[in-house]
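Let the sequences and hints guide you as you build the complete structure.
In order, the protein sequences belong to chains A and B. 1 is the number of the first residue of the first sequence in this note's numbering; add one for each residue after it. 308 is the number of the first residue of the second sequence in this note's numbering; add one for each residue after it.
For the record, the hints were derived by calculation from the structure and aren't laboratory data. Note that the coordinates shown come from a computational prediction; the quantities given were computed from them, not determined experimentally. Warning: the hint list may mix true and false statements.
What follows is a list of derived Cβ distance ranges for each label pair [unchecked claim]:
1) B:K348 with A:A298: 13 to 23 Å
2) B:D524 with A:S128: 40 to 50 Å
3) B:E482 with A:N215: 31 to 41 Å
Glycine included, every Cβ here is placed at the ideal spot set by N, Cα and C.
Number of protein chains: 2
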Amino acid sequence: MSLLTVGTVAFDAIETPFGKTDKIVGGAATYIAWSASYFTKPVNIVSVIGDDFDMNELAALQDRGVNYDGIEIRKGEKSFFWSGKYHMDMNSRDTLVTDLNVLASFNPIVPESYKDCRYLMLGNIDPSLQIKVIEQLPVRPELIVMDTMNFWMDIALDTLKKAISMVDVLTINDEEARQLSGENSLVKAAKKIMAMGPKFLVIKKGEHGALLFHNNDVFFAPALPLEEVFDPTGAGDTFAGGFIGYIAKTNDLSFENMKRAIIYGSAMASFCVEKFGTERLKSLTSEQIDERVNMFVALSSFDIELV
Amino acid sequence: MSLLTVGTVAFDAIETPFGKTDKIVGGAATYIAWSASYFTKPVNIVSVIGDDFDMNELAALQDRGVNYDGIEIRKGEKSFFWSGKYHMDMNSRDTLVTDLNVLASFNPIVPESYKDCRYLMLGNIDPSLQIKVIEQLPVRPELIVMDTMNFWMDIALDTLKKAISMVDVLTINDEEARQLSGENSLVKAAKKIMAMGPKFLVIKKGEHGALLFHNNDVFFAPALPLEEVFDPTGAGDTFAGGFIGYIAKTNDLSFENMKRAIIYGSAMASFCVEKFGTERLKSLTSEQIDERVNMFVALSSFDIELV
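In structure tokens, the structure reads:
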């Protein structure tokens, strides 16, 4: 009855208007695991790293109930490395370096101990690898959530569409939803994308919040207006980890519960951006998370009665 | 106990990806009056037009309880004319023509019959004229709402700041809030702008909704995700008209009621963009407005209990 996630475990070097880092730990699966660990245990990671990776980071995740038996450690090779620089408005960034390293030949293997997977979170990675993970599971998980990005739309659209057809929830940003559907209206885009397979679509709009579509229903979750956004890296993955972590905790796949999951995911993302990398995600308490969720309630509540 | 508004009554020619118009009736005060007329009567307009204006349009407004005694009609002169073309994404536009015509020498005179003004909506216009209107009122209105734009920040910042210092609610968009405050974070921007005078700040974010700031409170109202945005012209003015119209109707200046006013304003704006110009605003019913408001309730409701 576990949560399985596949994605990168990697090094990042980040520059924002507020400062810059040396190589720090990042990667989609890392953020997903940290975030989900506040809601459910175990969180089982499938990924690949080189022997340059900091094993203390994996030990810290293990202390929070995260298994890394499914992380292949390649001797004599280097971990995936990404470096980027954010613009002043923090909404856009330039990629400075992408060294695939171990990721270039990654072949995900799901350990036997992971195969009782009830919830599957496919982090952003080559869609052919996302498909490989699904195909290794003897019983289809109750919920498969998939994140992806425009890069795969540009270079592997057919494979991407096959992966999308296999999942329950797709999470992408607004520009990606427009690109994938060819529609400018997000309402029209959502209909076309749900026709590709997913019953639910989450459109992430960064500082403008997130939309959840399902059949003809729409839910809008605001982003918390923050005094400082220090580093947006990993916010989308942290959102996804909180989203599926909350669903795994509550074991409720209704639209009403998905809405709550979106709010918890948004709350986790609002912590993520307060410090560089995963730092802020390492020391949260349930009380802090509840307090943050209450800020979302206050932010979006009004008392007009439904007629 | 009336609502007074000052602003342009004008001609527009609009081009969008969906079509183009000849000269049609537009102007901030026109949209404000149509929108507010669904909530309160009378709505008193102060403006200026040439004798080229279509008097049937004024008669149609009068039928909805709008007074135009305060609209100066200049013989032998032309009405203000604006022409613009929207880009494919409908979020940005190019101005093609701005013919000030009668607006170049506009000197607003508030008729005696308007002076028992309880609610004042200053539409986007030269801030020196907004100040002139305030100064003609023998008793300060209970609530003064002011709309403006980046143009006045560029060419008349000191006068603009004087006007801002005299009002209760300022409505601007997110880029304008950043320009006016010099802050990228909207939370920081809101604090600086409220320190200039207004107790409330509404930051309009178009398709991303609107934020209401007051002291340390923040409220986020989503925009309705629409299948088609046909013509965004006047959406901000329509929002403002619905906002102050609802407040005038309910006569309640609490933060909780301002939130409701934002939702009603957003609902009115969502109608405005469905057709060219003011067309969609001319034939609404209370039932349609309530139905639209209920869509906002459904869009933003979730049931996490405040701890």
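ask   = Hints broken by the structure, by number, lowest first?
value = 1
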